[in-house]
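Novice: These protein sequence lines map, in sequence, to chains A and B.
Here the first sequence is numbered in the numbering used here, starting from 1 and rising by one per residue.
Here the second sequence is numbered in the numbering used here, starting from 307 and rising by one per residue.
Note that these hints are calculated values from the structure, not bench results.
Treat the hints with caution; some may be incorrect.
[Said to hold, decoys possible] Pairs of lysine to any residue residues, derived as SDA-like cross-links and limited to a Cα-Cα distance of at most 20 angstroms, are as follows: (1) B:Lys649 <-> A:Asp57; (2) A:Lys53 <-> B:Lys602; (3) B:Lys562 <-> B:Ser348; (4) B:Lys602 <-> A:Leu60; (5) B:Lys602 <-> A:Ala56; (6) B:Lys632 <-> B:Asn490; (7) B:Lys602 <-> A:Gly258; (8) B:Lys809 <-> B:Asn490; (9) A:Lys53 <-> B:Ile682; (10) B:Lys723 <-> A:Ala61.
Being a predicted model, the structure only gives us computed values, none of them experimental.
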Amino acid sequence: MAETHVSAVLLPRARAARTHFPWGGAAAAFLPLIVIVLVAVLAPLIAPHDPEKTVADTRLAPSGEFWFGTDSVGMDVFSRVVFGARIAVRFGITVAVCATAIGILVGTFIGLSERSRGIQSALGGALNRVSDYIVAIPDIILAIVVVGIMGASDLSLLIAIVLTLVQAPIKLTRMEVLRVRNEAYLEAAELGGESRARAAFVHVIPNSIGPAMRNMPLIFGNCVIILASLGFIGVGVNAPTPEWGYMISSGLSDLMLGEWWETVFPAVFVFLSVLGIAYSSRAIPRVWPRIAAAFSTPSKKRKNLA
Amino acid sequence: MRNRRAPRLLTAAAAAAALVLAATGCTDRAADSSSSASAKSSITVAIAAMPTSYDLEGNWAASNENYTMWSQTMVGLLRYKYVEKNGVLVQDFNQYQGVLADYDKPFTKTKTADGLDYTFHLRKGVVSQAGNPFTAKDVYYSFQRKLSVDGGRLPQIKAYFNSIDQVQIVDDHTVTFHLHGVGNDDIFPQMLTGQMGRIWDSTEMKKHATDTDQWSEEWAATHDGAGFGPYEVASKTADQQVVLKANPHYPLGEPKINKITMQVVADSGTRAQMLSSGDVQVAEALAPSDQEAISKKSGVQIPTVEHPIEFVDLALVQNKAPFDDKLVRQAFMYSVPYSQLIKQVYRGLAITSPGWLTPSMGVPGTSTKPAYTYNIGKAKHLLEEAGKPSVDVTLTVSNAIPDIVDSAVMIKSYAAKAGFNVTVKQLNAADFATGRANATFQSLLAANRSQTQTPSYINNFFMPNDPSNNGAFVPTAEWKKLNADAIAAGPMTSKEAAPYWEKVNAFVIDDASQLPILYRQPNQAYSTSLQGMSYRYDNTVDYSVLTPAGK
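Can you make the complete structure from the sequences, with help from the hints?
Specialist: Here it is in structure tokens:
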């Protein structure tokens, strides 16, 4: 009865909260990301040609038939650029999720180990030190070394980029854990007999992941840049994979002689996508509290009334 | 407030794109380079990389720049005779001119009971780059060194000698080589014209010998000055340039171009653009598309020859599946878009391949009919016959050569229609060389050339008695018999031997393991302010025959 009563009381308020949902702000924040993901998902529908097949004469200038011209093998540059978004998004999402998840776990472990003793402390200290060293190595050099050791494949590329980008979530999470670990509720949980592992997963991680989660779009953007950089210097994907960096690199020689379309279009797409992702990564944290507030209002009220 | 940044950033993006477009537009100018380089006796050349070795005998490293440096600083007893065709000095691979030997009659050949004697008449009054007089002792020293150090193609010269005693100094200016057991397939003079036939100044070389380095390999790797070539190194700037100056003592006369600044410009398109705008007078190692792009510009000339010898080599390794089946190999050969490669990737700067036997080898009546043509119907039929309607193939290439990568990508695209699912695997040059040496590839595409243009030399590409070779073709008893019959039929350029060599060529074509799929034109471009474009066995520019236009 009480619940029914509460619902009846809250329904108009919830409706009011949803009315105040910041649609404009949310759309503006997410739009660039959504567009990039849409282009990637709908690539087979958008691209008029197979991106890995010779479809016409080589190096045709942009025209009504081939909007972005053709490349040195006669492949349609527009189709390749569109499919290039698919590769960038595939890597971007995978790397962002993996790097953030690993970063949160490792950062939490390091943070909690700093007040421990014994093996956990030593291991945490060692991980922190290794992370410091890796941070000191330029991203692209580290990625080249990893791909050089493992050989060119999607997996090695993924590991290389995750390794270069996981350091930020590790550091961000560690900082949060150092703050959270002094909270009274954690002490209470320990006094209540909760194991350290359970306390870490139930209390520490949920309260420490904020900065790392907000960092995810940045990882996405950095991944696109590193992927393109590796492709540009010929490390990573194999020909004729439509990867933007590789496309820029393979058309560079022609650029010098005025055949600009092979290089400029993928370069513009790298630029726009990184710009869009960077915009989203800055806009989302600003909009997020309002979105969260809009969605959380009913439950908070419910809790308060209960 | 902050949302106002987005339009600003987009404006900046558009401006950046416009700048790039404007910059590329600027490159489209066809500068008249003739004024900048006219009647010059010093030129600037754009090369792709710095040379890494000045001694290709003791310190072998295959690269266009090493070949170039080796050819400018060192010479041998002989060179192939130059013949001018369509404004290009091409070499007749069956006629010789003396360089350190007498120009018109460099050697005499005498049959002996067990072989041949070659007697060379050396030039008198020749001095080395170091100023030491040239004598028969230099020839003796050079051959002793060739038999003692390892590198490059020395094994092919070593095969002629059991000991240095076969080299006899008759007098200061006469040397005789006593060769045993040689037949119609003798290519000793060709060997002496080539990269492994260079003669050292023994006096200078001995100065740099040490107890642990009897043949001065360490010194020679990084220095010149102990040879008789048309040029010597005046200065080097690491990773940037090497400057050559003409050797006034060069036996064939001091070169007309007395100073060459070889400037490293890594990108082919930039090298081409620099030639087009008159910043350099020769651009080496150009991609065909770059050559084509500047070919119509004023002040630019591109050498083309009737019978190029540089080829794109397709190897389908017959001891690795799926190419252990001859029908699959033949099907793949029918799936290669030969005409499209020549037209699209090589921009017309290549010709079809008749196989290994080419007209430049001098065998009478050599066919120029393409060994294979693109025929998807035939390819499908062969795959069906082999019981493999769909075949996965990994085609490995070096990413150092863009036209080879493009060729592989185009083959992938076209071969799919026959049922070949080709994966193009790109490796850096070092990994590619290692994989090739270790015979790990299933198939590969590479740039190659036969520096000795004789039919019997083809055998060297197949590394006999090595069934794991990555040269793809494992010589069989039938192949060996065909070769033996051809050699026994008469001199290689005789009418009697010609049909036998055609059979040898037909056998390798039918085997479909390793074939030149096209022969590409020289990869240089010159300013019209120069004349004397050349094409020789190693595809290096002969700067000693280059002259300012009109002189």
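Novice: If a hint holds in the structure, say so; if it doesn't, say that too.
Specialist: Tested hints:
{"no.": "1", "hint": "B:Lys649 <-> A:Asp57", "verdict": "9 angstroms, holds"}
{"no.": "2", "hint": "A:Lys53 <-> B:Lys602", "verdict": "30 angstroms, violated"}
{"no.": "3", "hint": "B:Lys562 <-> B:Ser348", "verdict": "9 angstroms, holds"}
{"no.": "4", "hint": "B:Lys602 <-> A:Leu60", "verdict": "18 angstroms, holds"}
{"no.": "5", "hint": "B:Lys602 <-> A:Ala56", "verdict": "23 angstroms, violated"}
{"no.": "6", "hint": "B:Lys632 <-> B:Asn490", "verdict": "32 angstroms, violated"}
{"no.": "7", "hint": "B:Lys602 <-> A:Gly258", "verdict": "14 angstroms, holds"}
{"no.": "8", "hint": "B:Lys809 <-> B:Asn490", "verdict": "17 angstroms, holds"}
{"no.": "9", "hint": "A:Lys53 <-> B:Ile682", "verdict": "16 angstroms, holds"}
{"no.": "10", "hint": "B:Lys723 <-> A:Ala61", "verdict": "27 angstroms, violated"}
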